[in-house]
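Visitor: Order-wise, the sequence lines are chains S and R. Quick note, the first sequence lines up with residues 1 to 411 if you use the numbering used here. Quick note, the second sequence lines up with residues 1001 to 1368 if you use the numbering used here.
Wrong hints could be hidden among the right ones.
Stated by the list, open to error - Where chain R lies over chain S, by a calculated footprint (3+ residues, C-beta under 8 Å):
hint, region
1, 118–129
2, 165–177
3, 257–271
Derived by calculation from the structure, the hints in this document are not laboratory data. Glycine included, every Cβ here is placed at the ideal spot set by N, Cα and C.
This is what each chain is made of:
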Amino acid sequence: MSRRVFVRAVGAWTPMRPQGASWRESLPLLLAGETAVREVTHFDTAGFPSRVAAWIGDDAVAAACDRRAALTTRALEEIEAEVELAALAGPKLGVFLGAESGRASPAAILRLAHAAAPAGTFDHAAFVAHAAAAAGAAAAVAARSVSPAAVASALAARLGALGPVHTVSLACASGASAIVSAVRQLRAGACDAAIAGGVGADVDPFMLVGFGKLGALSGSGLSRPFDRARDGFVVGEGAALVLLTTEPPDGDEVFEISGVGASLDGFHLTAPHPQGDGAERAMRAALRESGRSQVDYVQAHGTSTALNDAAECAALARVFEQPVQPGRPLVSSIKGAVGHWIAGAGAIGFLCAVEALRGNVLPTAGLTHPDDTCPGQHVMGAGRTGLALQSALCNAFAFGGANASLLVERR
Amino acid sequence: MTAPVAPVAIVGAALRTARGDDPDALARMLVGELPPPAPFALPAPWSAYPVRAVAEIPGAPARSPHERILRRMGLHAHQVATEALRRSGVACGDRLGLYTGIGGLRAQWQDLIPALRDQSADFSASWSRGLRLLHPYWMLQHLSNNTHALLSKDVSARGEGFTFGGANAGAQALQAAAAAVVTGAIDAALVVAYDSLLEPELLLHWRGQGIPSEAAAALVLVADPAAAATAAVADPAAAASPAARPAAQAWLQARTAADAAETSDGDAQALPTAETVAAACAGWERWSHLDTAPWIAAPPPGPARTPHRATHDVTAILGDCGAATSIVQAILWATQLSRAASTPDASALCLSAGLPGLLGAVRVSSSR
Chain S
1 MSRRVFVRAV
11 GAWTPMRPQG
21 ASWRESLPLL
31 LAGETAVREV
41 THFDTAGFPS
51 RVAAWIGDDA
61 VAAACDRRAA
71 LTTRALEEIE
81 AEVELAALAG
91 PKLGVFLGAE
101 SGRASPAAIL
111 RLAHAAAPAG
121 TFDHAAFVAH
131 AAAAAGAAAA
141 VAARSVSPAA
151 VASALAARLG
161 ALGPVHTVSL
171 ACASGASAIV
181 SAVRQLRAGA
191 CDAAIAGGVG
201 ADVDPFMLVG
211 FGKLGALSGS
221 GLSRPFDRAR
231 DGFVVGEGAA
241 LVLLTTEPPD
251 GDEVFEISGV
261 GASLDGFHLT
271 APHPQGDGAE
281 RAMRAALRES
291 GRSQVDYVQA
301 HGTSTALNDA
311 AECAALARVF
321 EQPVQPGRPL
331 VSSIKGAVGH
341 WIAGAGAIGF
351 LCAVEALRGN
361 VLPTAGLTHP
371 DDTCPGQHVM
381 GAGRTGLALQ
391 SALCNAFAFG
401 GANASLLVER
411 R
Chain R
1001 MTAPVAPVAI
1011 VGAALRTARG
1021 DDPDALARML
1031 VGELPPPAPF
1041 ALPAPWSAYP
1051 VRAVAEIPGA
1061 PARSPHERIL
1071 RRMGLHAHQV
1081 ATEALRRSGV
1091 ACGDRLGLYT
1101 GIGGLRAQWQ
1111 DLIPALRDQS
1121 ADFSASWSRG
1131 LRLLHPYWML
1141 QHLSNNTHAL
1151 LSKDVSARGE
1161 GFTFGGANAG
1171 AQALQAAAAA
1181 VVTGAIDAAL
1191 VVAYDSLLEP
1201 ELLLHWRGQG
1211 IPSEAAAALV
1221 LVADPAAAAT
1231 AAVADPAAAA
1241 SPAARPAAQA
1251 WLQARTAADA
1261 AETSDGDAQA
1271 LPTAETVAAA
1281 CAGWERWSHL
1291 DTAPWIAAPP
1301 PGPARTPHRA
1311 THDVTAILGD
1321 CGAATSIVQA
1331 ILWATQLSRA
1341 ASTPDASALC
1351 LSAGLPGLLG
1361 AVRVSSSR
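Excised from the complex, chain S in its bound form:
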């Protein structure tokens, strides 16, 4: 029989305050239905398809060589304040992080591009010759800064983790998939404890333009998952981590990840399967592992795009077509409040699922008129507190049809 996996502690760094906020600091604001989406002012967005984001204006984060690492460190500090992580150091501690490749600052990229293309086309000799003059810029594109694995590797070094270290770069499913990977390795005995989660740091000109030209961003500048007026997602940034252990924690709050599921649509590069076939299989796999047929709450992927939200709700309707309790499962998406963290999205979603088991169900900020294509027991307006929930499911679905579901239960 495989080993059990428990949630020992959580930490996050979110955009719910302009300078950034811990998970504990974010919760009252999230429960009140507030949103962190605001106009981007730290670079010029004139003409951009979308000019808003849920971004963090922390000067220290902005000055960091690697924004992903700076955000992740803030999230880790919240866990470190609660748990003596040094006691876990060694070969039985692993690190599993959802993260995409890093990017140098636009200024650094620009300096290198200008150095390399004096005549308008890339010139290797000029690139080498002039890179020294742009030394800071050159360093910013070195592997320590841009490797997708740089953040996980730095975390492992900081924690003294000598166990497995994985970096999942699976677009919007990265964070949840990293937790799936952690659960697998914990169950298999490759480690006894793991820091797992994800980070998104995509509020920069290239990403806003890239997603915008793809037609994925909200033209209205509003993130409103499941709403009839939804018109695309809003980019957000932040980091969320969990400490997972195979030993149950002391105290009254014992949360176990009892099921994980993952699947591939095998359907299209960008569009989800219209009926949410892959999403359904991921959810059913997580339910099957946990031995459950129902859950009390679903933290949906809920991006605020027309196709994704409809496909996810169609899958939810099939998976939970016979609710044991009326009004369940409750459904909400954190992306209305903090935007879409891409590689970090599933990780912050998982924290919401855990929070639901603490009695606090966060609402879908921005949702006022649920679309007919998005049926469900949506939590709108303010959140709900004081609930006694036993189980929660977290979904994360990616471009390319990669799906991950995490089922957590109160023990």
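Start from chain S and add chain R according to the hints.
Guide: Chain R only, in chain S's frame:
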């Protein structure tokens, strides 16, 4: 650390390297049965960089409808994955997982320069000064899982799927795939990794360890080839043919570790420390062949498994294949151990390392 995940069988493989795509010939090169190949050259444009040679995959990938999305290495990866799956005889569908390893996204300067050429130093009015010129597919061309997504569609891999990133991403993909196969989350795993270190921003920082190279490599893993022979082959006609059934070439286990500890000058540790290597290889001290580059800290010696313990270095014949190295090693040693029937209990411990502080460790054995 114990070895908790049981070995899984390799039942199909394919690769592209700077020395070709024949695993048998490459394995013979690796163990010295073929003469040392001619040294790699330093052709233009790479002669502009502070490297002594580069190792390029000869020739372009076969033409593909995915050329508008996938770059050269992504196309190679797509093709080797398709070949490996076909050779395995394993069925597609909901029980086939897909695990991809990539080194990381590259700048792709040729795409950026038109958008950056007229930008001002403060990046003001960046849209009108050029960002508007980025192709609508630019994001998809730079999606870390674009190859993964197109592969899953094309080969109908609908089980679970992951894309891992970093210089040891191939080992990460192998470790995750093996755990999924052993625990029964899927019946079979298609694992593919690809990387090219022949990129301007990477060569700018080359530290002189090995020849920068590139590779795409794929293999298919199952927990039990005998079971897979009856359960996995979808085509009844093919199932009737023993030749189409999966046959184990060798057995594999994989581990990963990382420690980007900072050095005294504030730079990130280039390679994993000896302590990290030792922890990752714990329990694997008995081997007949060690495949490692000289700059990687060797694991502590254990009792000899056989009278013959030999050290080899895949990077010496192929160059540094980055994230693909672990899978290249696995394929070559599976080929070699399957061929060398005179040593039925042979095993190879294969190490690879890359920036920043990333370690891949794969153990390939001729028996379970």
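Visitor: Can you confirm whether chain R covers the region 118–129 of chain S, using C-beta to C-beta distances below 8 Å and requiring at least three such residues?
Guide: holds (count 7)
Visitor: Please verify the coverage claim for the region 165–177 of chain S: does it have three or more residues whose C-beta sits within 8 Å of some C-beta in chain R?
Guide: holds (count 8)
Visitor: Take the region 257–271 of chain S, compare each residue's beta carbon with every beta carbon of chain R, and decide whether three or more fall closer than 8 Å.
Guide: holds (count 10)
Checked against the numbered hints given earlier, this structure breaks none of them.
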